[in-house]
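Number of protein chains: 2
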Amino acid sequence: MLRFSHRVERDKRVTAHVALTSRAFGCRGMYYSGDADPGLHRTVREVNERWGGEFLIQHVPEPLQLVREWKRKGKVIHLTMYGLPLPQVIDEIRRDGLPKLVVVGGEKVPAEFFQLADWNVSITCQPHSEVGALAVFLHELLEGREFGLEFKGARLRVVPQARGKRVEETR
Amino acid sequence: MLRFSHRVERDKRVTAHVALTSRAFGCRGMYYSGDADPGLHRTVREVNERWGGEFLIQHVPEPLQLVREWKRKGKVIHLTMYGLPLPQVIDEIRRDGLPKLVVVGGEKVPAEFFQLADWNVSITCQPHSEVGALAVFLHELLEGREFGLEFKGARLRVVPQARGKRVEETR
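Those sequence lines, one after another, are chains A and B.
Numbering-wise (my numbering), the first sequence opens with residue 99 and increments by one.
Numbering-wise (my numbering), the second sequence opens with residue 99 and increments by one.
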């Protein structure tokens with residue numbers, strides 16, 4: 099996925115939530131534009147070390163160029179409250195077999211993103227959260243398979259409980 | 099819903115995302131504990147004025163007391179990566195006809211919440227985001243009906259587009 103226009107001070111925690119949500123819901127990694135942020139890379143590294151997997155994070159100075167290059171091999175989905183409602187387009191997106199780049203913005207997304215995207219998709223037409231929109235989109239794209247994902251090399255694993263916390267050390 | 103332990107500096111934007119996500123997905127309002135935050139109330143008021151509805155926001159100094167009182171009339175669902183996976187419990191929760199309080203925490207949720215909750219529910223057992231967890235939980239609870247919600251008295255309404263933005267003034 100691509101998180102557009104990260105600003106260290108304002109977005110620190112929200113962008114970390116975007117990264118960890120995309121990891122938990124099976125994305126391979128996150129590109130982000132705007133400010134380069136070592137704290138974000140550290141957060142992702144620590145989560146990978148503890149909880150497994152090889153989620154990638156990479157700063158990109160030119161997000162529009164990334165999107166144009168991606169379109170040579172795959173499709174681009176832009177999540178925006180102005181797009182077509184998810185239920186109208188999700189079947190078509192699921193059927194498409196090409197690699198997918200999911201884009202979420204901050205405040206001001208340039209008009210070019212709306213033009214370059216293969217799908218502009220809304221998760222309700224109300225203002226809420228790029229994290230919430232991303233989670234629901236990926237949940238529907240995966241048809242709930244995020245609940246069965248394995249993260250290789252995890253040091254810790256949660257054992258689900260009706261009450262309380264149980265965490266196993268796996269190595 | 100109840101957002102536990104808000105801290106103005108650290109959580110300002112994430113708690114605003116929690117509030118707006120719960121509004122967009124049909125919650126009646128949000129209680130929050132921790133720091134009282136006038137900026138949060140202002141954000142909610144502005145969104146209600148523009149986009150409609152009567153989403154409520156209220157600071158509560160004693161969240162455990164709120165949860166205990168709620169349990170006299172309804173049920174409590176606590177979203178946590180340590181709980182039972184959503185697919186195991188969602189049918190039971192949907193069938194339950196009582197008013198529901200959904201609780202999401204910040205960093206450290208006291209053990210009492212796990213004990214008081216009628217359901218501790220995980221949206222994957224990976225660390226990610228209370229915003230993402232809340233969105234997926236409410237999406238499943240509503241079975242997608244959030245896409246058809248009406249917000250009364252809205253001044254603005256999005257007209258979904260395949261490309262670009264279209265917003266109508268409704269009054």
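In case anyone wonders, no lab produced these hints; they're calculated from the structure.
None of the values given here were measured: they were computed from a predicted structure.
Please note that the accuracy of each hint is not assured.
No distinction is drawn between identical chains; accordingly, a pair holds when it is met within one copy or between any pair of copies.
Here are the computed lysine to aspartate or glutamate pairs in the DMTMM-like style, where the Cα-Cα straight-line distance is at most 25 angstroms [as the list claims (entries may be wrong)]:
#: 1; residue 1: K250; residue 2: D189
#: 2; residue 1: K169; residue 2: E266
#: 3; residue 1: K206; residue 2: E190
#: 4; residue 1: K198; residue 2: E210
#: 5; residue 1: K110; residue 2: D133
#: 6; residue 1: K263; residue 2: E210
#: 7; residue 1: K110; residue 2: E144
#: 8; residue 1: K171; residue 2: E241
#: 9; residue 1: K171; residue 2: E144
#: 10; residue 1: K198; residue 2: E167
#: 11; residue 1: K173; residue 2: E107
#: 12; residue 1: K110; residue 2: E267
#: 13; residue 1: K206; residue 2: E107
#: 14; residue 1: K169; residue 2: E248
#: 15; residue 1: K263; residue 2: D189
#: 16; residue 1: K110; residue 2: D135
#: 17; residue 1: K263; residue 2: E144
#: 18; residue 1: K173; residue 2: E266
#: 19; residue 1: K250; residue 2: D133
#: 20; residue 1: K173; residue 2: E147
#: 21; residue 1: K198; residue 2: E266
#: 22; residue 1: K263; residue 2: E107
#: 23; residue 1: K206; residue 2: E144
#: 24; residue 1: K263; residue 2: E248
#: 25; residue 1: K169; residue 2: E144
#: 26; residue 1: K206; residue 2: E267
#: 27; residue 1: K198; residue 2: E267
#: 28; residue 1: K173; residue 2: E267
#: 29; residue 1: K206; residue 2: E241
#: 30; residue 1: K110; residue 2: E190
For each hint, the structure was consulted:
{"no.": "1", "hint": "K250 / D189", "in the structure": "neither (30 angstroms within a copy, 30 angstroms between copies)"}
{"no.": "2", "hint": "K169 / E266", "in the structure": "neither (42 angstroms within a copy, 32 angstroms between copies)"}
{"no.": "3", "hint": "K206 / E190", "in the structure": "neither (27 angstroms within a copy, 41 angstroms between copies)"}
{"no.": "4", "hint": "K198 / E210", "in the structure": "within (18 angstroms within a copy, 42 angstroms between copies)"}
{"no.": "5", "hint": "K110 / D133", "in the structure": "both (10 angstroms within a copy, 20 angstroms between copies)"}
{"no.": "6", "hint": "K263 / E210", "in the structure": "between (46 angstroms within a copy, 12 angstroms between copies)"}
{"no.": "7", "hint": "K110 / E144", "in the structure": "both (16 angstroms within a copy, 24 angstroms between copies)"}
{"no.": "8", "hint": "K171 / E241", "in the structure": "within (24 angstroms within a copy, 34 angstroms between copies)"}
{"no.": "9", "hint": "K171 / E144", "in the structure": "neither (31 angstroms within a copy, 42 angstroms between copies)"}
{"no.": "10", "hint": "K198 / E167", "in the structure": "within (12 angstroms within a copy, 47 angstroms between copies)"}
{"no.": "11", "hint": "K173 / E107", "in the structure": "neither (31 angstroms within a copy, 38 angstroms between copies)"}
{"no.": "12", "hint": "K110 / E267", "in the structure": "neither (29 angstroms within a copy, 34 angstroms between copies)"}
{"no.": "13", "hint": "K206 / E107", "in the structure": "both (17 angstroms within a copy, 23 angstroms between copies)"}
{"no.": "14", "hint": "K169 / E248", "in the structure": "neither (29 angstroms within a copy, 36 angstroms between copies)"}
{"no.": "15", "hint": "K263 / D189", "in the structure": "between (37 angstroms within a copy, 23 angstroms between copies)"}
{"no.": "16", "hint": "K110 / D135", "in the structure": "both (8 angstroms within a copy, 19 angstroms between copies)"}
{"no.": "17", "hint": "K263 / E144", "in the structure": "within (20 angstroms within a copy, 39 angstroms between copies)"}
{"no.": "18", "hint": "K173 / E266", "in the structure": "neither (39 angstroms within a copy, 30 angstroms between copies)"}
{"no.": "19", "hint": "K250 / D133", "in the structure": "neither (30 angstroms within a copy, 39 angstroms between copies)"}
{"no.": "20", "hint": "K173 / E147", "in the structure": "neither (30 angstroms within a copy, 37 angstroms between copies)"}
{"no.": "21", "hint": "K198 / E266", "in the structure": "neither (34 angstroms within a copy, 31 angstroms between copies)"}
{"no.": "22", "hint": "K263 / E107", "in the structure": "neither (33 angstroms within a copy, 28 angstroms between copies)"}
{"no.": "23", "hint": "K206 / E144", "in the structure": "between (30 angstroms within a copy, 18 angstroms between copies)"}
{"no.": "24", "hint": "K263 / E248", "in the structure": "within (20 angstroms within a copy, 39 angstroms between copies)"}
{"no.": "25", "hint": "K169 / E144", "in the structure": "neither (31 angstroms within a copy, 38 angstroms between copies)"}
{"no.": "26", "hint": "K206 / E267", "in the structure": "between (43 angstroms within a copy, 20 angstroms between copies)"}
{"no.": "27", "hint": "K198 / E267", "in the structure": "neither (34 angstroms within a copy, 35 angstroms between copies)"}
{"no.": "28", "hint": "K173 / E267", "in the structure": "neither (39 angstroms within a copy, 33 angstroms between copies)"}
{"no.": "29", "hint": "K206 / E241", "in the structure": "neither (30 angstroms within a copy, 31 angstroms between copies)"}
{"no.": "30", "hint": "K110 / E190", "in the structure": "neither (34 angstroms within a copy, 37 angstroms between copies)"}
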